[in-house]
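Chemist: Could you build all of it, start to finish, from the sequences and the hints given here?
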Amino acid sequence: MAEDTWEDARDRICARRAAEALIVDVAGFEGPLDLMLALARSQKLDLREISVLALAEQYLAFIARARSLRLELAADYLVMAAWLAWLKSRLLLPDPADTGPSGAELAERLALQLARLEAMREAAARLMARDRLGREIFARGLPEGIAVHRRVRVSATLLELLEAYARIRTRDAFRPYALDRDAVFTMEQALEHLRGLVGHAADWAALEAFLPEGWSDGPGRRRSATAATFAAALELAREGHIEIRQREGFAPIQIRRKPR
Amino acid sequence: MSGAADDGTGTSPPMFDPPALPEQERMVEAILFASAEPLRLSELAARMPRGSDPAEALRRLARHYEGRGVRLVRVGEAWAFRTAPDLGFLLRREAVETRRLSRAAIETLAIIAYHQPVTRAEIEEIRGVSMSRGTVDQLLDLGWIRFGQRKLAPGRPVTYVTTEGFLDHFGLASARDLPGLAELRAAGLLGPAPSGAADGPGDPDTPDAAPEGQGDMFDD
Amino acid sequence: MSGAADDGTGTSPPMFDPPALPEQERMVEAILFASAEPLRLSELAARMPRGSDPAEALRRLARHYEGRGVRLVRVGEAWAFRTAPDLGFLLRREAVETRRLSRAAIETLAIIAYHQPVTRAEIEEIRGVSMSRGTVDQLLDLGWIRFGQRKLAPGRPVTYVTTEGFLDHFGLASARDLPGLAELRAAGLLGPAPSGAADGPGDPDTPDAAPEGQGDMFDD
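Chains as they are written, first to last, in the numbering used here: chain D, 1 to 260; chain V, 261 to 480; chain W, 481 to 700.
It should be emphasised that the hints constitute simulated quantities derived from the structure, not laboratory data.
Computed beta-carbon distance windows for the label pairs:
| no. | chain 1 | residue 1 | chain 2 | residue 2 | range |
| --- | --- | --- | --- | --- | --- |
| 1 | W | Gly608 | V | Leu441 | 45 to 51 Å |
| 2 | W | Val609 | D | Arg195 | 36 to 42 Å |
| 3 | D | Arg48 | V | Leu301 | 41 to 47 Å |
| 4 | V | Leu441 | W | Ala653 | 19 to 25 Å |
Chain W regions said to be covered by chain V (calculated; three or more residues, Cβ under 8 Å):
| no. | region |
| --- | --- |
| 5 | 509-515 |
| 6 | 555-569 |
| 7 | 655-667 |
Incomplete in silico selection of chain D near chain V, CB under 7 Å:
| no. | residue |
| --- | --- |
| 8 | Leu33 |
| 9 | Ala123 |
| 10 | Arg132 |
| 11 | Leu159 |
Backbone N, C-alpha and C fix where the C-beta goes; we use that ideal spot for every residue, glycine too.
Modeler: Given below as structure tokens:
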């Protein structure tokens, strides 16, 4: 066997580099489309003439390799992989009965989408390479000031306006937790209410019967009044004014005046 | 509308003849020279004596500055003096170090410039990733983008367009002068998004989030 | 001044011929225009190619600007462009004290913009504090708000609406084009949703490529 020529060695190094390059951290890509664009670029200059079938295979191979290396793969890379596998099957085995867009159409759209992204990348690069104000082109360094209509010019930017509105509208979301008072029956209120009534409760009666008037309508208000009344009942029982009983779990809670 | 005797509401005949054109040219020259910001024709007119013709004065002025170290440039609807680009190498000293823009911000800016008016969803579709926090407010903060009219599409989403500040920064007279715009259009790369391609396996038949009937600024 | 052969200390013979005088004149023109302060002859020379003659370039430049709206003036030992004194009335230098709008004012303005027509009571309810007389006066004075129609409510309170001047200042086509809350959040202008809201585990510092908003691209 011929010894390694310099070219062979170089080719092998290049091949290894290429393989390693493909194993770069997926985090280096901005999502599946970015990754696919990088793969497609190695195929053709005109992205609309690339072989989407080959691209799908490259992509799937990349994902398979990344998984074998146990690289953390974001979900959308896998979603794209699944879609490409499906597309591949459609390209290889067109189903004449299927009425949806054909595999070829979908492949064409994907190629166009890649071409659009590539075009915007190039446009961005061209834009940033222009002679720019403050870098190659300069404004008057010593502006003499043009009077506005007023003496004091008040400045406010759109961003400030939007941030102000966002601040107001989200302030409630961040304020310390406070209950909406009109839907809350406090324990102090319940105590006062209950003290006035238990004197007459010689017989066992359901706790619900002691809810204040007008607090049984909405579920929120009823819940608050029930909880406060129950707490107040416990307090009165502790003080030795009333007795509480419940026959079994979830049965009605009953109270009566403590017999003397 | 009353006739001759008028109360000074802009349509009144000038009390004096406007200054001669060379004098108007001097005026525009002084006003624009004094300002660091581009000024619109209406702003020039508001500062000049009644009956002046700032447009004609600007034409004369532009001719006068042809080939000089300082040029009169058009920035959208406004005008400004700017140094000639070929002399940039002498002026580096004046350059202010600007914040480096992230790749995402640069791409987003390009997409807004070439596709305007464009919605967030469209930007995300072209880039293939969701728009990150900070990209838009960075561009808003630089004064390079602003909100355009809401789109005639479900949800009436807000759109983004570029500003005169953008044109000024990149030395463009109008958004029509973006490099390569005609070629990109001809290649069909600026049209509405191709539906389906990356809609993913979910439902390839999702109806397009129709970019119907929007006023594309480049459509004539 | 030393003679011909020198040791390379700044007065050494130029390796290349200096630019032609008209070109030097352009250079001085651009340098002085862009400079934030008047420049001395030595400073000009330091910025120009070796062997240039800024003094002669300045003489030519001064001649070129004779009688124009802008003049080349000497400020002590240094040189600068200044607008012609007889045109000062066009510039009215007295102005331009830029002041930022107070927080109260910008919040009030934002509420008026988003909720117009809106009454004083409604503004106070949204902001949670009472509105000071000065805030409204300032906004009225700036021409950003005006009174709208009285509301059909007890007391027939006056309402506030925004003006054309407001749209103009903030570069908006119409107040309807202001982004809504959801859009502000989507654009990253709001903090992450407080809890369990639509946009998921938003980590405000997540860089761009990060898996934040994964799968968003398939969602729309």
